[in-house]
Amino acid sequence: MISGFAEAVYKNYNGSVYDLMDEALGKALEMAGLERKDLDGFMTTFLPGVFDGNIYMHFFPDQICGYLGITPKYIDSLDYGGPSVLSALWRAERLIKDGVAENILLLFGGKGSDVRKRKQTVDSFEKLYPEITNTPYRHLINLYNSMNPVSDYALVAERHKKIYGSTDTQRAELIVKQRKNANRSGYAMFTGELSLEDVLNSPVISSPLHLLEIVYPVDGFHAFIVSNKPGKLRGIRIQNYGEAHQSFLPPEIDDITLTPAAESTKNFRREIAKCDFYELYDSFSITVMLQLENTGIVPKGQSGKFIEKNSISVDGDLPLNTGGGSINRGQPAYMSGSVLLYEALLQMNEMADGNQVKSPGKVFINGIGGWYRNHSVSLILGD
Amino acid sequence: MKVDDLYNEYDKIFASNKMPFIKCKTCDKAYYYPRNVCPFCGSSNIEIMISSGTGEIYSCTEFKGGFYGIIKFPEGFGAYMNIDGDNIVIGRNVIIKFREIGGKILPYAYVD
Ligand SMILES: [Zn+2]
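Chains W and L, in that order, give the protein sequences. Each number in this note's numbering comes from the position in the first sequence (counting from 1) with 224 added on. Each number in this note's numbering comes from the position in the second sequence (counting from 1) with 1172 added on.
To be clear, the hints were calculated from the coordinates, so they are not data collected in a lab. Mixed in with the good hints there might be a few duds.
Computed list of chain W residues with no C-beta within reach of chain L, every gap over 12 Å [unchecked claim]:
hint: 1; residue: ASP478
hint: 2; residue: ILE480
hint: 3; residue: GLY585
Simulated crosslink set (DSS-like; lysine-lysine; CA at most 25 Å straight-line) [stated by the list, open to error]:
hint: 4; chain 1: W; residue 1: LYS341; chain 2: L; residue 2: LYS1236
hint: 5; chain 1: W; residue 1: LYS586; chain 2: W; residue 2: LYS404
hint: 6; chain 1: W; residue 1: LYS343; chain 2: L; residue 2: LYS1236
hint: 7; chain 1: L; residue 1: LYS1269; chain 2: L; residue 2: LYS1184
hint: 8; chain 1: L; residue 1: LYS1244; chain 2: W; residue 2: LYS386
hint: 9; chain 1: W; residue 1: LYS385; chain 2: L; residue 2: LYS1236
hint: 10; chain 1: L; residue 1: LYS1174; chain 2: L; residue 2: LYS1190
hint: 11; chain 1: W; residue 1: LYS385; chain 2: L; residue 2: LYS1244
hint: 12; chain 1: W; residue 1: LYS524; chain 2: L; residue 2: LYS1244
hint: 13; chain 1: L; residue 1: LYS1276; chain 2: W; residue 2: LYS351
hint: 14; chain 1: L; residue 1: LYS1244; chain 2: L; residue 2: LYS1184
hint: 15; chain 1: W; residue 1: LYS529; chain 2: W; residue 2: LYS385
hint: 16; chain 1: W; residue 1: LYS386; chain 2: L; residue 2: LYS1236
hint: 17; chain 1: L; residue 1: LYS1244; chain 2: L; residue 2: LYS1195
hint: 18; chain 1: L; residue 1: LYS1236; chain 2: W; residue 2: LYS351
From the three backbone atoms N, C-alpha and C, an ideal C-beta is built for every residue, glycine too.
Using the sequences and the accompanying hints, generate a full structural model.
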């Protein structure tokens, strides 16, 4: 059960990454009514560049604990990018059930603005260090003029258009509808009226993807405290869980529109259909569409038409990315998983004010990592 | 074969303007990105082969740096590549050409 959760998210944070994580932790402890000495477990992740620009740090979970003044007896780091935090929640629940720890801190995020200032992302970070390569496939991958992660998402969006006839306008519909959710939420970073034309007239970064279909990387941390007691919060737990991983490169995959989300949800598709709202990983417009199809919410190839026809607001046909998603809330350190979980917890605890899902019994959350294709973590939260 | 041997062999084949790939003699599957063990069946009974050097655009994207995409080959493997030529769209046939990219002779796809 989660006893405290908090975020500290800024478009560009001026201080150190350590201050940022300390802010998120402080708020989460306050909500949980706990002190640092009560935290006996710690889980995090590290991506190149997002800790004050460092490519790596020695034994970083230990250094973070040392800095934050916590002394866990259990430490872990998960490295699936985006959905790591969702896997951490499942592992933390099991560790607590087994009596390994009582209060486990999940601290996920980072400060990616140092990488952005150097015109790189975590995917292209190796360009700053010509002697370093971050793949076993070396020049067969990194000498071509790719623009990752955007170009890999563009390839799957283009393929989806060709095979299923989805359109640029359908992807733009999703962006416009998520912006409406953001405007209603009162807590999104990016708000204001947004029309289909605004999306379609924004620059094409890697065809067919437009600038406004791409998540904006920001600086920030989320802290979640998983405990054996819920404290002041609703005692919700994971009801269904699946994770799936695959390591082939897109050129080696027969159908790139079929992601590991199909596998990670295969044991509880019927339960997914019964959820009250949905938080799906939204690094790009196409990411949400692939998950709608791969998790069985919508038949294969039909996500574009579905988005055109249905409302995704909190009182709509399928409440989806209810706070506006990370597309409008910003993506801390190139990972959206925490944004999904944070929004789900706000809604489940009826803390979303004017943007509240009516009777939030169960939520389906799906996270994707390693671009659109390597990892999927799927779960339903309820009591 | 060690992975460095595979790379050296690939570089030699690229230098003669031919397109290499790896065929697994146990499961008969083909792949391009060098691994000394077949990623499909785990066998190390592999052989470097030469492709016909023609393929088809599986997907493609255009950005400031030009066109880039996934090319699928009739021998059953696929590869990322820069793409040149006119009318670059999914399904078009390409021929594989070679040029120096970042100090290495590498294949790229050309739409005739
Ligand atoms: Zn094999």
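Verification of the supplied hints:
1. Not every C-beta of chain L lies more than 12 Å from that of ASP478(W), the closest at about 9 Å, which undercuts listing it as non-interface.
2. For ILE480(W), the condition that its CB be more than 12 Å from all CB atoms of chain L is violated, with the nearest at approximately 7 Å.
3. With 12 Å as the threshold on Cβ separation, the claim that GLY585(W) sits away from chain L holds: the shortest Cβ distance comes to roughly 40 Å.
4. Distance check on the hinted pair: LYS341(W) and LYS1236(L) sit about 19 Å apart at the alpha-carbon level, within 25 Å; holds.
5. For the suggested pair LYS586(W) and LYS404(W), the alpha carbons sit about 23 Å apart, so the restraint of at most 25 Å is met.
6. A C-alpha spacing of about 14 Å is found between LYS343(W) and LYS1236(L), which places the hinted pair at or below 25 Å, so the restraint holds.
7. Only pairs whose Cα atoms come within 25 Å are accepted, and LYS1269(L) paired with LYS1184(L) is accepted, the gap being roughly 15 Å.
8. With a C-alpha separation of about 16 Å, the suggested pairing of LYS1244(L) with LYS386(W) holds against the 25 Å cut-off.
9. Under the criterion of a C-alpha separation no larger than 25 Å, the hint pairing LYS385(W) with LYS1236(L) is consistent with the structure, at around 21 Å.
10. Restraint check: the Cα-Cα separation between LYS1174(L) and LYS1190(L) comes to about 21 Å, which is no more than 25 Å; the hinted pair holds.
11. Distance restraint check for LYS385(W) and LYS1244(L): the Cα-Cα separation of roughly 18 Å lies within the 25 Å cut-off, and the hinted pair is therefore satisfied.
12. For the hint pairing LYS524(W) with LYS1244(L), the CA-to-CA distance comes to about 23 Å; that is within 25 Å, so the pair holds.
13. Of the supplied pair hints, the one linking LYS1276(L) and LYS351(W) holds, its CA atoms being roughly 16 Å apart against a limit of 25 Å.
14. Of the supplied pair hints, the one linking LYS1244(L) and LYS1184(L) holds, its CA atoms being roughly 22 Å apart against a limit of 25 Å.
15. The suggested pairing of LYS529(W) with LYS385(W) holds, with an alpha-carbon distance near 12 Å, which does not exceed 25 Å.
16. Proposed proximity of LYS386(W) and LYS1236(L) is supported: the alpha carbons are some 22 Å apart, at most 25 Å.
17. At roughly 15 Å between alpha-carbon atoms, LYS1244(L) and LYS1195(L) fall within 25 Å of each other, so this suggested pair holds.
18. The hinted pair formed by LYS1236(L) and LYS351(W) meets the criterion: a straight-line CA distance of about 17 Å does not exceed 25 Å.
Of the hints listed earlier, those the structure fails to meet are numbers 1 and 2, in rising order.
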